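Trainee: What follows is the residue order along each chain.
2 protein chains.
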Amino acid sequence: MRSSQFFMPTMKETPAEAQIVSHRLMLRAGMIKQASAGIYSWLPLGFKVLKKIEQIVREEQDAIGCQEVLMPTIQPADLWRESGRYEDYGKEMLRITDRHEREMLYGPTNEEMITDIFRTHVKSYRELPKLLYHIQWKFRDEVRPRFGVMRGREFLMKDAYSFDLDFAGAKRAYNKMFVSYLRTYARMGLKAIPMAADSGPIGGDLSHEFIILAKTGESAVYCHRDLVEFDMLKTEIDHEGDLQPIVDRWTSLYAATDEKHDAATFEKIPADKRVNERGIEVGHIFYFGTKYSAPMKAQVGGQTGDPVTLHMGSYGIGVSRLVGAVIEASHDEAGIIWPESVAPFRIGLVNLKVGDAACDAVASDLYARCLAAKVEVLYDDRDDRPGPKLADMDLIGLPWQIVVGPRGVKSGVVEIKNRKTGEKVELAPEQAFNKLTARA
Amino acid sequence: MRSSQFFMPTMKETPAEAQIVSHRLMLRAGMIKQASAGIYSWLPLGFKVLKKIEQIVREEQDAIGCQEVLMPTIQPADLWRESGRYEDYGKEMLRITDRHEREMLYGPTNEEMITDIFRTHVKSYRELPKLLYHIQWKFRDEVRPRFGVMRGREFLMKDAYSFDLDFAGAKRAYNKMFVSYLRTYARMGLKAIPMAADSGPIGGDLSHEFIILAKTGESAVYCHRDLVEFDMLKTEIDHEGDLQPIVDRWTSLYAATDEKHDAATFEKIPADKRVNERGIEVGHIFYFGTKYSAPMKAQVGGQTGDPVTLHMGSYGIGVSRLVGAVIEASHDEAGIIWPESVAPFRIGLVNLKVGDAACDAVASDLYARCLAAKVEVLYDDRDDRPGPKLADMDLIGLPWQIVVGPRGVKSGVVEIKNRKTGEKVELAPEQAFNKLTARA
Numbered sequence: 001m002r003s004s005q006f007f008m009p010t011m012k013e014t015p016a017e018a019q020i021v022s023h024r025l026m027l028r029a030g031m032i033k034q035a036s037a038g039i040y041s042w043l044p045l046g047f048k049v050l051k052k053i054e055q056i057v058r059e060e061q062d063a064i065g066c067q068e069v070l071m072p073t074i075q076p077a078d079l080w081r082e083s084g085r086y087e088d089y090g091k092e093m094l095r096i097t098d099r100h101e102r103e104m105l106y107g108p109t110n111e112e113m114i115t116d117i118f119r120t121h122v123k124s125y126r127e128l129p130k131l132l133y134h135i136q137w138k139f140r141d142e143v144r145p146r147f148g149v150m151r152g153r154e155f156l157m158k159d160a161y162s163f164d165l166d167f168a169g170a171k172r173a174y175n176k177m178f179v180s181y182l183r184t185y186a187r188m189g190l191k192a193i194p195m196a197a198d199s200g201p202i203g204g205d206l207s208h209e210f211i212i213l214a215k216t217g218e219s220a221v222y223c224h225r226d227l228v229e230f231d232m233l234k235t236e237i238d239h240e241g242d243l244q245p246i247v248d249r250w251t252s253l254y255a256a257t258d259e260k261h262d263a264a265t266f267e268k269i270p271a272d273k274r275v276n277e278r279g280i281e282v283g284h285i286f287y288f289g290t291k292y293s294a295p296m297k298a299q300v301g302g303q304t305g306d307p308v309t310l311h312m313g314s315y316g317i318g319v320s321r322l323v324g325a326v327i328e329a330s331h332d333e334a335g336i337i338w339p340e341s342v343a344p345f346r347i348g349l350v351n352l353k354v355g356d357a358a359c360d361a362v363a364s365d366l367y368a369r370c371l372a373a374k375v376e377v378l379y380d381d382r383d384d385r386p387g388p389k390l391a392d393m394d395l396i397g398l399p400w401q402i403v404v405g406p407r408g409v410k411s412g413v414v415e416i417k418n419r420k421t422g423e424k425v426e427l428a429p430e431q432a433f434n435k436l437t438a439r440a
Numbered sequence: 001m002r003s004s005q006f007f008m009p010t011m012k013e014t015p016a017e018a019q020i021v022s023h024r025l026m027l028r029a030g031m032i033k034q035a036s037a038g039i040y041s042w043l044p045l046g047f048k049v050l051k052k053i054e055q056i057v058r059e060e061q062d063a064i065g066c067q068e069v070l071m072p073t074i075q076p077a078d079l080w081r082e083s084g085r086y087e088d089y090g091k092e093m094l095r096i097t098d099r100h101e102r103e104m105l106y107g108p109t110n111e112e113m114i115t116d117i118f119r120t121h122v123k124s125y126r127e128l129p130k131l132l133y134h135i136q137w138k139f140r141d142e143v144r145p146r147f148g149v150m151r152g153r154e155f156l157m158k159d160a161y162s163f164d165l166d167f168a169g170a171k172r173a174y175n176k177m178f179v180s181y182l183r184t185y186a187r188m189g190l191k192a193i194p195m196a197a198d199s200g201p202i203g204g205d206l207s208h209e210f211i212i213l214a215k216t217g218e219s220a221v222y223c224h225r226d227l228v229e230f231d232m233l234k235t236e237i238d239h240e241g242d243l244q245p246i247v248d249r250w251t252s253l254y255a256a257t258d259e260k261h262d263a264a265t266f267e268k269i270p271a272d273k274r275v276n277e278r279g280i281e282v283g284h285i286f287y288f289g290t291k292y293s294a295p296m297k298a299q300v301g302g303q304t305g306d307p308v309t310l311h312m313g314s315y316g317i318g319v320s321r322l323v324g325a326v327i328e329a330s331h332d333e334a335g336i337i338w339p340e341s342v343a344p345f346r347i348g349l350v351n352l353k354v355g356d357a358a359c360d361a362v363a364s365d366l367y368a369r370c371l372a373a374k375v376e377v378l379y380d381d382r383d384d385r386p387g388p389k390l391a392d393m394d395l396i397g398l399p400w401q402i403v404v405g406p407r408g409v410k411s412g413v414v415e416i417k418n419r420k421t422g423e424k425v426e427l428a429p430e431q432a433f434n435k436l437t438a439r440a
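Top line first, the protein sequences correspond to chains A and B. End of the first sequence = 440 in our numbering, gap-free, step of one. End of the second sequence = 440 in our numbering, gap-free, step of one.
Treat the hints loosely; a few may be bogus.
Claimed, not checked - Each pair of labels, with its calculated beta carbon distance range:
#1 G169(A) with D356(B): 43 to 53 Å
#2 E13(B) with R249(A): 42 to 52 Å
#3 A37(A) with G305(B): 53 to 63 Å
#4 R99(A) with H100(B): 46 to 56 Å
#5 E17(B) with P295(A): 25 to 35 Å
#6 E17(B) with S252(A): 50 to 60 Å
#7 T437(B) with E229(A): 56 to 66 Å
#8 R99(A) with D356(B): 55 to 65 Å
#9 K234(A) with D62(B): 28 to 38 Å
#10 A361(B) with V425(A): 26 to 36 Å
#11 D306(A) with K215(B): 45 to 55 Å
#12 G169(B) with G387(A): 25 to 35 Å
#13 R126(A) with D226(B): 24 to 34 Å
#14 D356(B) with R249(A): 41 to 51 Å
Just so you know, the hints here were simulated from the structure itself, not pulled from any lab data. Since we're looking at a predicted model, the values are computed, not measured. For glycine and all other residues, C-beta sits at the position ideal for the given N, C-alpha and C.
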């Protein structure tokens, strides 16, 4: 993509309304535009990141045999009356009346609707277990939306639901999701730590929030340092095997949010292993038994022929929130630092002197090579001063920069910069291309 | 995917509420489930087709340099007051009041919002032309929703918008979309014919509906037979070149919907070249000049420094509607017949005698080969009678079937069936696999 054509309205000024760094940087990088309070349009740069994050989430759900569906945004109120949540849910639920005066709502979540699908179509224990998910826009009418996409009103969420015959089955589903979530965040370059969460009136210990550590996080979190050092991508996983040892490894060490923090237990950890930082919630998995299946009569015929009420769980990841969360976890003074897996482009190619025949030739050739090799590249071919162009490139945080300038070109080199480390090397254009496009 | 695990609730009975064939077949094939009037959940089989269609639409938009964004579903009413459409739009607009008593709406289309984005961020003629699109759920509160996803209330639409300095630029954008649309439908196996449409108060001839021919279509259409025979995928296209000759080729021959039909002109076509069939609208492209940019003051600084009011067009494709439209155009008594490009799986592998060691071995081996070759395959490994399994496979309409039965296996063969032609051949399993997975 050429910058001269790309719709990426960057800003030099820091927008006054943005209180946190991810919101500021997303506005400055031209990733989003506010449509109204807590509601955003995703401009091309932001959209690319959103899609990459969505795709990683999707792949890791598919990997555990979770099947993708898509439920609508607008739901009938009657469904929520069956579970009793229509009245319970406060003003956060966006209630709508259609032209025929039917009560509808914009779904803040989908337990009722997926339970309705299931009870309609699944009749026998032979069809279990099942895991279903969808990635759909939700709406929660927050009283004071803020922090950009981190706490918006309209937000993209992956929510999955498990259906099992008994607790043991539900626990297997829970473990699959637990492990899948760890892989999902690790693939995005995030260190997410599962922390015991409130499981509400159901009780039990099957409720975990996944928290990433970030200095700018919304709440204090406490954990054992070993958890920060586990590398999930190096763990061999057989999703169909027994995942309990992996889950135990993560849950046997101390990790708690502020709400669940127990100072006495935390103090027992050796001082150099105690981590006390800020955290951002990026997911929540939850076993809730028959909370919806019982009132909604979601039953199947069991092996003995008697009806069995389904055991269910739900598993959420805030997809649009993650775009902000990645930035909170990975930025510097100059701007965003994208992990490679979610970067909108892999390479930013900057022609410092557009109109200079030698620079144009080298830059155009590198651009053409990247396109031919299907390497995602943003080519800044705008006729502008070098300073703002380099500042824009740092701001939008692509993992690698190739800078083509008149001095270097004369000596046959271009500069490669690693956005994260700041490391720069000069190489011949051909070498530069090879270095950045060689696959490991 | 194994049928024993796949969530695909097929039905033998024809649902009483479905009036048209695509609605009936989508319900029977377990592709969708109604959530409330005109609002559907997409189950895994339907979701796969929806995504394939969406992806073709996306690729052909990207190919003409149209950049993808994503605008929210919920819009502020004030934006629509600026264009004057808030009051004009009748009860089809789903109006919403949020917790702070602000008037909002569920977007039925996005002209106002994209114009707002543009006027905020684009200031100079140097940034033009621009083409932007998004693929997002829309809501139109139809008084009587029907025909399944063909006329739903919540529906997925690709809407693109063009921004140019003058009519000549807008015409170039229009031509790009015109050609892109023809390619889009052709890739889905559809024969879509552009027909002059009402351009409303703006006037001019820059408004075309794209209509596919289907016996079950919603309205009568009339055209010259040569249009039906043009093959867009064989036409070499330089999207940056002059597209007018291609547009002229398609618009110089007679083609009209019922509303615009002129019997006298039609009669002048030689009788054997007259086509009078039913049609389904699957897209609409429209130049509307400064209809939104003037009241909303979307201007850029022109070359002389004076402000220029933008010339705009909008370009819609009904993505969810197309799932139904493809079925209307391609089915038989037994069920759906998917064109390869949008089929949820390429191959349906049927094991007629699950539990028979020889059948299981041959079928499992073919399944493993397909997975290894990344060929999309649905393996019916359910322990059920052959009749219903073969009927299900015909119903869901995968392009190819491989049937593994005890008699064939004894003589070392399996049966391949082409769903469209019904042609069957017996081949050794290895040959069958090679035949269906060889790339042209």
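Trainee: Which of the listed hints are not met by the structure?
Mentor: Structure breaks hints 1, 3, 4, 7, 10, 13.
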